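Undergrad: Each chain, written out:
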Amino acid sequence: MELKKEEDLSLGDSVLVTKLDTAVNWARSYSMWPMVFGTACCGIEFMSVAASKHDISRFGAEVVRFSPRQADLLVVAGTISYKQAPILKKIYDQMPEPKWVISMGACACSGGFYDNYTTVQGIDQIIPVDEYIAGCPPRPEAFFDSLIRIQEKSNRESILEKDRQHDRDFKGFLDA
Amino acid sequence: MHNKVYEVSHEKVRETILNLKENEDFTLLLDVTATDYLNYPGHKAERFAVVYILRDSTFKNEVIIKTMVDDETLTLLTISDIYYAANWGEREVFDQYGIIFEGHPNLKRVLNHHQFVGHPLRKDYVITDGQICTETEDLMDEMRPLLKQKGYEEDEVMLLNVGPSHPATHGTIRNLLAMEGESIVAATTEIGYLHRGFEKACETHTYSQIIPYTDRLNYCSAILNNIGYCKSIEDMMDIEIPERAKFIRVIVGELSRIMDHAVCNAANCVDLGGLTNFWYIFNPRDEAYEVLSKLTGARLTNSYTRIGGLSYDLYDGFAEEVESVLRSTEKSIDDALSLIARNKIFLDRTQDVGIITEEFAISAGITGPNLRSTGSPRDMRQDKPYYHYDSFDFDVVVGSHGDVYDRMMVRFEEMIQSIRIIRQAIKQIPDGSIITDNRAVALPPKDQVYGSIEGMMNQFKLVFEGVKVPKGEYYSSTEAANGELGFYVVSDGSGTPHKVKCRPPCYYALGAYSKIIENTMLADAVVTMASMNFIAGEFDR
Amino acid sequence: MIDIFFILFAILAIGGAITMITAEEPMYATLGLLISILSVGGFFALLNASFLFMVQIIVYAGAVLTLFLFLLMFLNIKKEDLPHEPKKYMLITLGAVLMIPINMLIFKALSTLPNIDMVLVESDFGTIKALGMQLYTEWLLPFELISVLLLVALIGVIVLAKQKSKKEIKQ
Amino acid sequence: MEFAAVVIIFINILLAVNLAVGTTPIMVWWERRVSGFMQGRSGPNRAHIGGIRLGGLVQSVADMIKLAFKEDFIPAFIKHKMFFIMAPVIMFICSFLTVGVIPFADRLVIDGVTYTMQALPIDLGILWFLAFAGLSVYGIVLGGYASTSKFGILSSIRAIAQVISYEASMGLAIISMLIVYGSVNLSDIAEYQGGLLFGFIPAWGIIMQPLAALIFIVAAFAETNRAPFDLAEGESELVAGYHTEYSAMRFGLFQVSEFAAMSAASALIVTMFFGGYQVPWLNTQALQENINIVLFAMMIILPATIYFFTQWIKKNNTWVDENDPRAKESKILIKIFKGIAIAVVVILALLLLFGLGTNGTNIATAMIQVSTFLLKFFLINFFFVWIRWTLLRFRYDQLQLLGWKVLLPLALLNIVITATYVLVLGA
Amino acid sequence: MSNELLLASSVFVLIGILLSAVFMLTTYLGPSRKKGANKNTVYESGISKPVGGTNIKFSIKFYIVAILFVIFDVEIIFMFPWAVNVRELGYLGLGEMFTFMALLSAGLIYIYKKKALLWN
Amino acid sequence: MGIKTVKRHGDTLRDKLYIPAIVSGMKTTMRHFVTNIKDNSNLITKSYPEVQPTDITDRYRGVHRLTKREDDSISCVACYMCATACPADCMFIEATERTDGVDEKMPAVFNIDLLECVFCGYCVEACPCDAIRMDTGIFSFVADQRKDFILSKEALLANTRSKDFSDD
Amino acid sequence: MTTLLGYGTIAIILFSIGVIGVVARRNIFVMYMSIELMLNAVNLLLVVFSKLHQDMDGQIIAMMIIAIAAAEAAIFLTVMILLFRSKGSLDSDLFIKLKPEINR
Ligand code: SF4
Ligand code: SF4
Ligand code: SF4
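Chains as they are written, first to last, in numbering that gives the first Met the number 0: chain A, 0 to 175; chain B, 0 to 540; chain C, 0 to 170; chain D, 0 to 426; chain E, 0 to 119; chain F, 0 to 167; chain G, 0 to 103.
Rather than coming from a laboratory, the hints here were simulated on the basis of the structure. None of these values were measured; they are calculated from a predicted model. Please note that a few of the clues may not be correct.
Unchecked claim - Taking CB as the label site, the calculated pair distances span: (1) 94(E) / 78(D): 40 to 48 Å; (2) 154(B) / 39(F): 54 to 62 Å; (3) 41(F) / 424(D): 47 to 55 Å.
Stated by the list, open to error - In silico DSSO-like links for lysine-lysine, alpha-carbon gap of 27 Å or less: (4) 327(D) / 152(A); (5) 343(B) / 48(E); (6) 114(E) / 152(F); (7) 45(F) / 330(B); (8) 104(F) / 460(B); (9) 48(E) / 80(D); (10) 152(F) / 404(D); (11) 445(B) / 152(F); (12) 460(B) / 122(B); (13) 87(C) / 80(D).
Cβ coordinates follow ideal geometry from the N, Cα and C atoms, glycine included.
Excised from the complex, chain A in its bound form:
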């Protein structure tokens, strides 16, 4: 994945920016406040992620925000129907940058075995997705794996880069 683009970093190779990048990325990676868009069974499994045994707070990500304006990470856990799609899109749009999206479970990623008239065949038709998790529902451990991957990814970003690349190129069926 090409996250750093040359032209954006014209002034970016100075030591200061690199240092600042390290600090900011470190902070971002350990302070992923999730907004849980949990609709179905995967949402229930996300509850286990928050429960004592797995405890998402270890990663500093237990600050579940219900207002998209304060969230960094959108966790889509559960089936997204066509009826739900505009809402998901709206919530995603309302989140401020930088934002990440985890698509949790077969339904969110691809529609799962609901290959029918009502289920969106993968939320990547609506919003850009950073991480997919397979499973139905994925185990909490799998969620942590992807959270760790998102943390690593956020470490590869630069504060100079204003728009993230896949955002720029993305066009879903609800983008007019």
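Model the placement of chains B, C, D, E, F and G with the ligands on the given structure of chain A, informed by the hints.
TA: Structure of chains B, C, D, E, F and G with the ligands alone, referenced to chain A:
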């Protein structure tokens, strides 16, 4: 063992039902659904039939009324003024089949979105034909008459959308509330955000392939759905499952019930602002998942049962591990109750809040803990016992006021009763096989498949064609965590069902929700919702 | 030091007051008044009337103006409910022009007062203790009258408000 | 002004600023870790800088930096942009100002000049608190109003009604304390509590006026919007309440001011009811007279505490993976703590050897008192957290009824009893 | 008002303002403001076009509570000077204040009687 | 068997006083706090990436694998049974003639789309020659592109039975 | 600057602004707030004189004024609510013609 289906002509159906309610005590409308007989082998008459399933007040008997709908008009008289439950029931039939109920107060789509064209459960609707929805509905068409009826102008109230993406509605329920200050003067509920086409999917999968789909109905207690579905197919085919399987089903079923109630009460505590309870109540749940995972191979969506039995036998040490789960459940209930049970803040928040009267509950088709909290001791496990439930010593738990407090406490107490049942069942569990050896139903054991050509052929036949269920229609129900979970199955004799209709207990509870929260406060509406345990996978299917 | 504060408060007080009378939206007017009142409170502090300073903040800023704000949200006044005031600025200017000579007059009169140049700074005066002693010995009757007044106000409000709610029920 | 005066003013302001803002990350951490332990989970423990986690304290730093570098978004539909921007600032400044009047130690005498150990050495400390706690409601109101969000407006209204319902009871509770103390000056109040009741019980406010203490604490919870009175942002109903539309540091500022208000409230509770900076049974005079004994006692107690603490770290601050930098943290921490212990012992020993002099004694006393104050302060904070994670949220009308129908009459009654008692006894 | 106090308070207030300014200035550190029609809409549970304005018809009870507060606040303020002088003012002051409080409680009782505080 | 009515608290004076109940609640939270802080090993939390889950047995339905025969050739005979049994329709098999003489057919392509798979285990149950199994013990599969989730025949063959499982 | 003259000037200016507000504005709300402003100006003068004469009475009167202002605000705002709800406007001209309707 087939239950009788009474066919009534479409002119008479309203009268018949009214008569049944008034004179025969059939006070509970379980479900309204329709069947599309297009391509049904040997069917010549009208294309659509509407089916009403009724239950009497003792919960011992049910009756199925079927009526063929005139092809030209596709119209029937509504019964929504007889049963409150018929309101949403008929809306669903209209949405899915396009049958019009004359006199219905608000016949509009309920599961599919408002930009949807066509009726998906008709046999000629292509299953993969998705339709994009670009924006949400404003719901004012429902709100305006309500406001008018209450004597409010539109600009006199604040219209607040609670849900779908709202912490209290868990992403799938939308309530449009008309509020005056903090109190709600009128409310409408919109669902369908998690409609995943369960019933349509059933028509393209074999009977046993449906089991994973049932996991995802009430995903808090997947096994109870597995049991409910498999039991109805087994009943339909008239097969007995081995005793051992019955006991195991009871054990894991009750374990699932405990977890379902735990989720409900934990969520309720969160909505009340008592976050610590969430963790206390959830602690044993993870232990229980571990047991289920070892037993069934998955944590949440177990797909544990098979038609005719179960997929795996108990593993070594199961009894001890379950016992430890039960013990920590008891401990966690104690902890949670010590935080709330006598706390005046909790009592003020929950007592006499969101009251459901018994009469209304019955009329609205509310069953399960929500009905029992009103004081009506109706439990399928005792009224129509299956799997030897009558031989276990347990109490039916009832409340007295039908408020949030009673619902929560009934759930806590039912968890304790379930623990009792599990302890007894574990002691009594007999040896034997876990799945019937009827080769027309169950896959042969693996060694037979690998070893004998006969077993191989059997395997081929069952996998490719599926279990053959005799032609006919059948309704069977079990007591799931939320109330009566029924499956109405129409078979055309092949390996795939012609139609499967799930009677989800919380669909009807949700239909009544907007009535219950009228004239309460916003905060009460939230806890009322949490206490009634609406599971999206179940009501949206 | 004190002078700086004096000027600061003066600017704030007058600025706030002008905002108040010119603002279109009542919300802004209220906040203008709030600033004005807080600055007057500041003057009290500069004058060593520390208790009065607190009274000003607690009662005026904290209670009365909160009530105003509350009322504004309560009534939810929309643009079209506001009176149409096309000649507002003209009237205000006119008023200002009229007031200046009068002010000058008063100002003249004021400057003839004795002690007019006395700098009001030091001294420990206006503490809560001293004020209390005087209030509860010499101002007994007015004090009790205040409580009666407050009681009457309370009852009056409730009677008025209740009357309205009865009407609402009838509607 | 003399040098000493400037230094002391500077120190006081520094202490107050720290109490208002500096404690925020600590309190956030405190809240998250303590709640974690109460719920049988560990809480944040992975964020680290080169392996150092400080039990998760580093997590708060990450949150702050993250918020600072997040996109700060003001939605276009907001009409009153000024209000929107001002709201968190107002709230912050009001909460910030309240902390200023807390006395951190007894009046300090240096070279014969007395200095008050308050950042804002005003007489009317309590009234100051009341005033600014009341004003901070403007922040919430403007925030909610400007957001044009329905949740925001509902939350503002709740906040106003809540704050005003409890300010009355709070004021009355304070009055009954004033009757006892006979002064509104917080320094006087704290000084008063250095005395002993019946010769052996510290004359703390909570012992003399338990009812007033209870009412005040409840009202303080309500004024600071803490659970069980966190209706204004009651998540299950109002999503995020008045800050629903706020993002990045604007939202952060709301959080900071909430914690600053909580700081102020707990500091005030300490000062009013828990003896302020007073070491129980050792008032300022006693401390100064016996400073050598006290220092000697500290020389023993501090290393002992640190020893037990390091033992605890060794046992509990472990990391499964040996190669992780976090696994080495315990060793580093233990070394640091041992270093501190040795340094403290050495310094104290030197002080004891060479004597302190009058100024030195006074400063040492002040330092002991500041530490006592901070200790009590954090204990009260713990109490705040403890309550929050034990109780449920009130409903809107129940909360008001509690304020008007229970607390207010109780407070009135308490005043009557106290005043009569004081007079009868005094006469 | 002494110079010292003025100095201390101005420094303290300035620090407060400075701190909030610093906090506010972090705005410019974050990523660019991406414009978007959707992003600029109000959050209301994700609904596309929420109906109805933010006009809230409050119950008159809210208002009564506010009034009640104003009046009580004034009364409390009047009690402060008494409270610090209880001993000096003696029984006369006590009697005075009790009359005052009696009137105050009369108002309170009136409110309870009128059920002005009860919801529903 | 009987009917049990739940108790209704709140009428006694003790309940009405708020404080006693609050105190008893605080006792509970404090008890948890103290036990946990005294010894962190009392915490329920398992530090995941370092501590692995304990409930993964050979029943656990993890990522699939294709088994091999003794001679290391693929066991699958491309009979399509698994694909038929799969409710999610996430298997894609293309058969080809088998030239090594062990059997008649073998899959040329055998893809499983793990993103669509619902881990129901029906494919394993359906397979008549034990060629597909889900006992790899791989319980977590994450990636950032959808195509990474399509496991080819080679990848499936490369998966092995988890070493943690006992041989049966 | 902090002399009687200085404070007096400020008080007079504030008072004048209050007068202008009452006269020039038609928004009844602003009018009322102008009255409050005038009261404040008076209070300021009272306190100044009290200080000048080293006599507490001025401050006590100011305190009484504040109390009365609060009581007045309560009544006034209640009446305002009633009027606004029945009339739907804040225009002072409207209220003049209102007399018979209030008693309705
Ligand atoms: S992926 Fe599976 S568990 Fe998750 S929402 Fe879909 S069906 Fe439910
Ligand atoms: S586990 Fe189930 S869904 Fe997955 S490939 Fe096998 S049969 Fe298909
Ligand atoms: S894996 Fe088994 S069922 Fe599937 S094609 Fe191969 S042999 Fe047939």
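Undergrad: None of the hints should be skipped; say for each whether it holds.
TA: Against the structure, the hints:
1. 94(E) / 78(D): 40 to 48 Å: 55 Å, violated
2. 154(B) / 39(F): 54 to 62 Å: 58 Å, holds
3. 41(F) / 424(D): 47 to 55 Å: Holds: the Cβ-Cβ distance is about 51 Å, inside 47 to 55 Å.
4. 327(D) / 152(A): 26 Å, holds
5. 343(B) / 48(E): 40 Å, violated
6. 114(E) / 152(F): 77 Å, violated
7. 45(F) / 330(B): 20 Å, holds
8. 104(F) / 460(B): The hint holds at about 20 Å.
9. 48(E) / 80(D): Holds: residue 48(E) and residue 80(D) sit about 22 Å apart, inside 27 Å.
10. 152(F) / 404(D): 74 Å, violated
11. 445(B) / 152(F): Holds - the C-alpha atoms of residue 152(F) and residue 445(B) are around 24 Å apart, at most 27 Å.
12. 460(B) / 122(B): 26 Å, holds
13. 87(C) / 80(D): 25 Å, holds
In summary, the structure is inconsistent with hints 1, 5, 6 and 10 from the numbered list given earlier, while agreeing with the others.
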